[in-house]
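Novice: Chains A, B, C and D, in that order, are what the protein sequence lines are. If you're matching positions, the first sequence starts at 1 in our numbering and goes up one per residue. If you're matching positions, the second sequence starts at 1 in our numbering and goes up one per residue. If you're matching positions, the third sequence starts at 1 in our numbering and goes up one per residue. If you're matching positions, the fourth sequence starts at 1 in our numbering and goes up one per residue.
Incorrect hints may have been included.
Unchecked claim - Quick list of simulated restraints, FRET-style, between CB atoms: (1) Arg152(C) / Ser14(D): 35 to 41 Å; (2) Arg236(B) / Arg152(C): 32 to 38 Å; (3) Ser30(A) / Thr5(B): 57 to 63 Å; (4) Leu227(A) / Gly212(C): 42 to 48 Å; (5) Thr2(A) / Glu230(C): 32 to 38 Å.
As the list claims (entries may be wrong) - Below, a list of computed lysine-lysine pairs in the DSBU-like style, where the Cα atoms sit at most 30 Å apart: (6) Lys69(B) / Lys209(A); (7) Lys206(C) / Lys209(A); (8) Lys217(D) / Lys69(C).
Since the hints were made in silico from the structure, they are not lab data. From the three backbone atoms N, C-alpha and C, an ideal C-beta is built for every residue, glycine too.
Number of protein chains: 4
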Amino acid sequence: MTVRTGEQVLVYHSERAKFLVTFQPGKRISTHLGEIELPETLEWGAALQSNIGKTFYVLRPSTSDVAMKVKRTTTIIYPKDAGWMMLEAGIGAGSRVLEVGTGSGSLTIMLARVVGPEGRVYSFERREEFLKNAISNVERAGLADRVEFALRDPSVDGFGVTDIEAAFVDVPEPWTLVSPVFDALMGGGAWISLSPNVEQVKATWKALKERGFVRIKAVEILEREILIREHGVRPRERMISHTGYILSARKVLPPSG
Amino acid sequence: MTVRTGEQVLVYHSERAKFLVTFQPGKRISTHLGEIELPETLEWGAALQSNIGKTFYVLRPSTSDVAMKVKRTTTIIYPKDAGWMMLEAGIGAGSRVLEVGTGSGSLTIMLARVVGPEGRVYSFERREEFLKNAISNVERAGLADRVEFALRDPSVDGFGVTDIEAAFVDVPEPWTLVSPVFDALMGGGAWISLSPNVEQVKATWKALKERGFVRIKAVEILEREILIREHGVRPRERMISHTGYILSARKVLPPSG
Amino acid sequence: MTVRTGEQVLVYHSERAKFLVTFQPGKRISTHLGEIELPETLEWGAALQSNIGKTFYVLRPSTSDVAMKVKRTTTIIYPKDAGWMMLEAGIGAGSRVLEVGTGSGSLTIMLARVVGPEGRVYSFERREEFLKNAISNVERAGLADRVEFALRDPSVDGFGVTDIEAAFVDVPEPWTLVSPVFDALMGGGAWISLSPNVEQVKATWKALKERGFVRIKAVEILEREILIREHGVRPRERMISHTGYILSARKVLPPSG
Amino acid sequence: MTVRTGEQVLVYHSERAKFLVTFQPGKRISTHLGEIELPETLEWGAALQSNIGKTFYVLRPSTSDVAMKVKRTTTIIYPKDAGWMMLEAGIGAGSRVLEVGTGSGSLTIMLARVVGPEGRVYSFERREEFLKNAISNVERAGLADRVEFALRDPSVDGFGVTDIEAAFVDVPEPWTLVSPVFDALMGGGAWISLSPNVEQVKATWKALKERGFVRIKAVEILEREILIREHGVRPRERMISHTGYILSARKVLPPSG
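Required output: the full structure, derived from the provided sequences and hints.
Specialist: Written out as structure tokens, the structure reads:
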């Protein structure tokens, strides 16, 4: 299969030399392992030689590649967390979801890939410089068609959308958003937030309980890399130990009558 | 928003009393906490009383709920692993993916939700009784339209599909599938397998290397539940420590020339 | 080497059939795998047959065996935590240490083995029924000669000892003991506490800082069992995820002059 | 309490500025935070000022401090592992233990502190430059009186000691020592080894089983640091994920008769 002009490819030599680029015939990529010229017709999986003889491969970028390679103005959400969050939220192709704050757009990209062209990501950010960077990251990933960005503080102004399936909250004070998110969600819809500190999780848990959310739970996801070599298999010596705690909850309606 | 007839809902009282059911107006659900009668018009998020006065809520099922509630004939893939696997594979709405073996259909369901109605899951299983059960689980989840099941041993007969974006392999001897999966994948496409034992991972890693796959890596994902109570926050005392090692790799083409 | 009368031995068939007993020539042990009669002269490592033909071995008990096999009236401190705590405290043969509360005496036993006959463990407990049980557990382990027990609430009455090398604190409100422990410790001596909840750790940390302790740090220790079988190595599926957080600190003197 | 001449003290400003020194009255210590002069009479816990006004404290070194501060010619055993190993082995004041290989002497120091002056550590190393460095590390820690070093390959020449309570094995090929360790151990005594790779653990496990050891088990110990700050508690972002797998087993005697 050939890569279409404008598609993102991962030009890969190793984990330390990999480049996420938008394909243009004849494009030149400068790397510390030499210059690579993309051919007129580029096959997925093709092997390319740099001008100093290093081999690079044309790979389909993983969602992780796209999300982790954004230009960062903030800390980003890791795929180990995002994968769990999206499955817990129950979203898929066609879902309408809400995100606050946009940050660098890393989670925006992961959400946008999962909801697909028929879905919708409403993404809110109150700092203009973050939003501009995120928009450009999402555009570069070719996913802007399904994302609506808003420069707004929803803890003050609300979201202006309703019947949302799931809300993804990554702000320092998630508890300020519990009430506006409640209003935006459909009945039974999911709150998902991520916070590094225990105190944030506890304060948010309290606010969720008070607002009537149910099925509140918290988890932490750890990813451990395993080194496989002919002479021996073992976990890598160092790992990311902590990114954040994930808190999830469900909106329910007050008993009628 | 109202639940449509035939949609799956999670009728939820607590983690120990939750029921994944297909909505039919007037349907009765018998539980150890009393009988619940679904109304003619069911609102998402609605509170229902059982005949002994217990409150249940009508929640959108998470992907985890749907995947974990399948009728099991085999061990299943946990959402903590599945989320990472799907993001690493880079799949989303519209993707064409391959699964072997189908098992109880738990991963099939997660894949089917992510690829959406425009995508395609080709799912292979060689034991007929497993396949029958999995098909009925996927049908109950309302996702059969995008899944093609095959009763076949692809290590012998191949897959009969090509240009696949990602292959998900959950069989006891994954190395037997390295060559047929290579043939089925598009260039740059992803191999993702899950195995409980180190020996399986190492043998598969060797086979992948020999067949020319690149970017081979292995990880383990751990999920730790955090208990939040007014008087104290701490991780739960016990956890699932190990489900399996995830191995991922990419197909590349031989240098042309 | 032969077991001396009165020594503790572990009569071991498997992890599910192991018995910590005090050796007496001719003693009979009744188990669910038959009755075992200890011979007049018992060799360390000897194989014994029960009257239904099961084989048991005479093993040196690990500190873990002795500490975990106490009659429990409280939760106990696990060896994974105790080992770290004792090394962090820097104690060894001859050390003088303080323990509060005694609980079931599990940590008392571990401390008593490490400080040896030349050392001293001052162990404080305010509930009489706990103390009685703990004393009998420590006596059974043959270690009572180096332990001084006191039925007292040191948060009210102090410890009545000074120049202690390290204090081990395992009570629900460790912060109430910060000041009396400061008075009991030698300069540079170690505070070591263990608490299950984050809130306890934080409150204790605050109290330690206010009282002038330095080098305050908190860790969590996890133990993961690895299953080794001919056909496959993997971590056991379930594990103890959390017992408690360990907090350590050092007493320093105010600047003189 | 005053520090005796020749005792080791930890001169501590912070985790990044701490110095393990042997006390001599009037000794000067040069650091990147200024020069410190030790007084004629040094109190444990005393606050000292460097010549640029930084405060250092005179702390009792933890076993971890002494063991981790050795001059390293090899990787060392971490306290998280050593604590578990010593408790599993059941050693304490007065124990006679065996160590192979000595490496940098880090575990030798921890063992020597625990067995005390009445105990004995027999430590074997086959590379002379390692042994010399380890001896000087153990001497600096003031523990040489209870350690007997031997420059020898015990897989060839055996240990020349018997009735040992526990053997600690930290060499690349532990299985080569199973038979000599069996001969050196008392009945019921403990084998404890540490290896980074799964393959090493499995090969050693096989050799232990063949030689008749029982109660073979493997664990992995993880230490996670928790950051406590007024504004938030969370695990530190990065951690040591893997040092090694610990394998333990017990020697038993063949059935007599």
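Novice: Take the hints in turn and mark each one as holding or not.
Specialist: Do the hints match the structure? See the list:
Separated by about 36 Å at the C-beta atoms, Arg152(C) and Ser14(D) satisfy the suggested range of 35 to 41 Å. Hint check: Arg236(B) to Arg152(C), Cβ distance near 34 Å, so the stated range 32 to 38 Å holds. Take Ser30(A) and Thr5(B): their Cβ atoms lie about 59 Å apart, and the range 57 to 63 Å holds. Between Leu227(A) and Gly212(C) the beta carbon distance is about 45 Å. The supplied range of 42 to 48 Å therefore holds.
At roughly 48 Å, the beta-carbon separation of Thr2(A) and Glu230(C) lies outside the given 32 to 38 Å, and the hint is violated. Taking the CA atoms of Lys69(B) and Lys209(A), the gap is near 26 Å; set against the 30 Å cutoff, the hint holds. Among the hinted pairs, Lys206(C) with Lys209(A) is consistent with the structure: their alpha-carbon atoms are about 28 Å apart, no more than 30 Å. Taking the CA atoms of Lys217(D) and Lys69(C), the gap is near 18 Å; set against the 30 Å cutoff, the hint holds.
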